[in-house]
Amino acid sequence: MQSRRYRLLAVTFIAPSFLVILAVVIFPLLYSLSLSFMHWDALFPGRQFVGFRNFIQAFQDKRFLLSFVHTGVLLFSIVGLEFLIGFIIALALLEEFYLHKVVTALFILPVTVIPTVAGFMWKLIFDAQYGPLNHVLSILLQRDIQYTWLAQTSTAYLSIIVTDVWQWTPFMILVLLAGLVSLPRDVLEAAEMDGASGWQKVRLIIIPMLRRVATVAVLLRSLDTLKLFDIIFAMTQGGPGTSTETLSYYIYRNGFEYFRMGYTASLSYIALAIVSIVVLLLFGRLEE
Amino acid sequence: MKGWTRYVILGAALIFFLFPIVWIILTSFKNPGEFLSHPPKWIPRQPNLTHYFAVTQLGGYKALKNTLIVSSLTTLISIILGTPCAYSLARFRVGGKNLAFWFLSHRMLPPITVAFPVFLLFRSLGWIDTYQALILTHLTFTLPYVIWMMRSFFKDVPIEIEESAQIDGCSYWQIFTKIALPLSAPGLVATAVFCFIFSWCELLFGLVLSRTEVVPLSVQLPRYFGQQMVFWGEIGALSTLSMLPIFALTLFMQRFLVRGLTLGAVK
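Quick mapping for you: the protein sequence lines, in order, are chains A and P.
The first sequence: position 24 = 24 (the working numbering), numbered continuously.
The second sequence: position 56 = 344 (the working numbering), numbered continuously.
This is chain P alone, in the form it adopts within the complex (with noise of 0.2 Å):
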């Protein structure tokens, strides 16, 4: 594709692409007055914090605060439970193909067919509204995730590295932590980056399994909806802080950021 064409397309794209977010960031800095009229004022006259500040007063500061401690515990345990698993997969060979697929299809489940017989379940446990219900869950889809990324990484390793350092004398746990661990360490940070964003933007078990303690950015914001008025400036501001970290840490690991979407399937 050539020439004016091929702008065109581009920038009606990227404005299509980019306002929403542009317009959720100035609603967050406008007054009651702006975001309130019809027809709308475009640019905030005084951009103003008063949002960001009303926030914490109505659980914006505990809800971010809380889907970060649920995202870095969910991210922190899939890491060191699904790693070695991977591991064990790729190298060890152990239930071949067949495993690797049976730890990917949990990915794949419908959310709400996991989390109803779980609602039912916590609830007798009195789990109901605790860190580790939502953490729990999580692992759902973020643990056969890293098993499954891990493990096309660790096959990425050449095999020969690997005989070498047993030719030497290295036990299958030092093969381990000191050659394929480092070697696809680039691999482990993106796959940790990717559990966190699952983790950060999941919205049913999160609606589920939390009340008042532990209720996550997702859950928090259909909250400034309400019947008789519409907070949209809390709105906006909930979400321009929760999407400021998600955009820094995605341009880190933009090289694996297909890989990482698809599956493994296109790198």
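Isolated chain A (complex conformation) (with noise of 0.2 Å):
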């Protein structure tokens, strides 16, 4: 009696959830993944199964195998200097002073405020002629700058860059912050009482013990990094020409601007088995 009303509680609780997940997901993945095997191009009437015919056209189409490199540019850089820049910060954070909950308090501002909101930011910053960056760049080198940053390829890199790292970077503060200050104490004072040089403190213990922290900060930014698309969108549109075209941007641009139906359906689901990936690497290291 007892374990009957437990059993249906159990499952009434958890009915609600599913079935929203059943509807708002799992529908439109299958949806998408009978349309990845047709060819439907709306701008031409009609669809047809053509089998795995869009999956061959994916790995023979440059700009998609493109928007592969260009993710994995950007996911190296971005990820790499969030970590190193996020590691510093932490170090310098790890020990009291003065208004040192205030200061670590604005740190976390940029995680807050709307992708699009920081690319715009940015885009602001970097613009030509009244942005504040040509400007001091123009009083530093005693001429005047109007350099297009989001114009040229390399550049344009380099702004995407330095907004993710803007925003991102403090999740690494304090993601890392969290792990030092959970480090044992007494570790650390012996290694010093051994006469430990500040680098051999960090390389030799605190690395070591951070390892878990720090691996899940690392993929969880590297998931997102794989789906970047917000900052892209507000910053460079792909451009300029199609060198800055991420995975998602690629894939959005075939849906709602190209309208190639069954080719977007397939190609995302490409997407997703590269994200599954990182998400089961992920999963190994959640909780327990």
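There's no promise every hint is true.
Calculated lysine-lysine pairs in the DSBU-like style (CA-CA distance at most 30 Å, straight line) [unchecked claim]: (1) P:K385 <-> P:K443; (2) P:K466 <-> P:K443; (3) P:K555 <-> A:K201; (4) P:K443 <-> P:K555; (5) A:K201 <-> A:K101; (6) A:K101 <-> P:K555.
The hints are simulated quantities; they were obtained by calculation from the structure and are not laboratory data.
With the hints as a guide, dock the two chains, each given alone in a separate frame, to form the complex.
Laid out in structure tokens, this is it:
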């Protein structure tokens, strides 16, 4: 009797959420799966089953393959820089000082800014004529600089990287700081007694002991960067040309600018497969 | 790290992380002649609210209202549906850890993989440019988040308390509402705030599913970026308005920030 009510309650608690996910995620994904085997181009009427042709086409699509390269370049530079800068600042924040709490709170702010807004903030800073960056460079270099940062591929990358680093390094700072604070004090003190230098402490004690926290932080950031869309949309729209098109942005364009329905569906399944790899790595490290 | 290197690093970092926010706020108070000047004027000479009024005419307040409606309802629904589900996963152990991971995995999907088929389906339902379209799609990432986070907060409640309540004759429903929920209230509030922020910041679903009526902030802002002219003053004003409520909310739950952002992996 008791166990039946117990089971009934357990299932009633879960059912609504389960049904919502089924309706708004699983069902659309299955629909998308069926589309991925179809040729359906909204500009021409009719759809037709074509088997794996969309997937084969994807791996011959130069722009799609390049969007991987772009995403990869951004992923490694963004996550690498965020980790490095975040780690240094977390170390600087480790010991208490005057206004410690206020300073730490100020570092949080960028994380909570709408990514589109973050993109526009930096777009304004990088602006050729009206931006403060060129102004400062003009003063430093003693000549008028009107450099269009977003119009050249290399500096467009730099601008995107700076924007993402601005927004998400604070996340690394907070997470690594939480990890650092929980390190056992006595180990560090013992190392100090034995005459370990600052760098030795970092390399031989802090980094190994921080490994789990750091891995989770890096995986979470990698997962987000793999899906990078918002700041590309706000800053470069994939340009100049198609040189900053990320995976998500290229898929978006296929679906909502070129209206290649079947092809978009198959591209998004390829993206899903790649993201799943990182998700599985992350799951192994979440809790317990 | 000690001595002056530390303060130099922190000082430089603070300038880097705060400057863009300060700059966009300053821009919102400048006259067009000041932000459209080369070289730029750094400090507005006659700070004024022109752009804050102008942005009302240009759909800014509607966007603010839409975002507020969508984020609040998304948060509310996620909490109502997700909290019992989380409790069931944590205490009744339905489906074990795998079901919990199954729920969480939807939070990690690339939004475009869902946005595209959902757009086609909602179009045939005539749901483009409606609140329910935005709220339902926002649930795809907030609901799994609530389930996962609340499961972890419920697990923090000592099971002995719940067991002794059971011995005292409390029903499972009473244990859930009278013991588990109040004891994990701070976590619940923090989780709700996170949902609100995630929904507030979302771009892609809004971009794809709104046209004129339910346009959220993240989609309205790029519209001030015209081919001929950029309305930097309006962008500044609306950006400022979009940041302030979130800054205030964040300060309230600083304690849970790391746990919330790392999906409970770092406490």
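Of the hints given before, which are not true for this structure?
As far as the earlier hints go, not one is violated by this structure.
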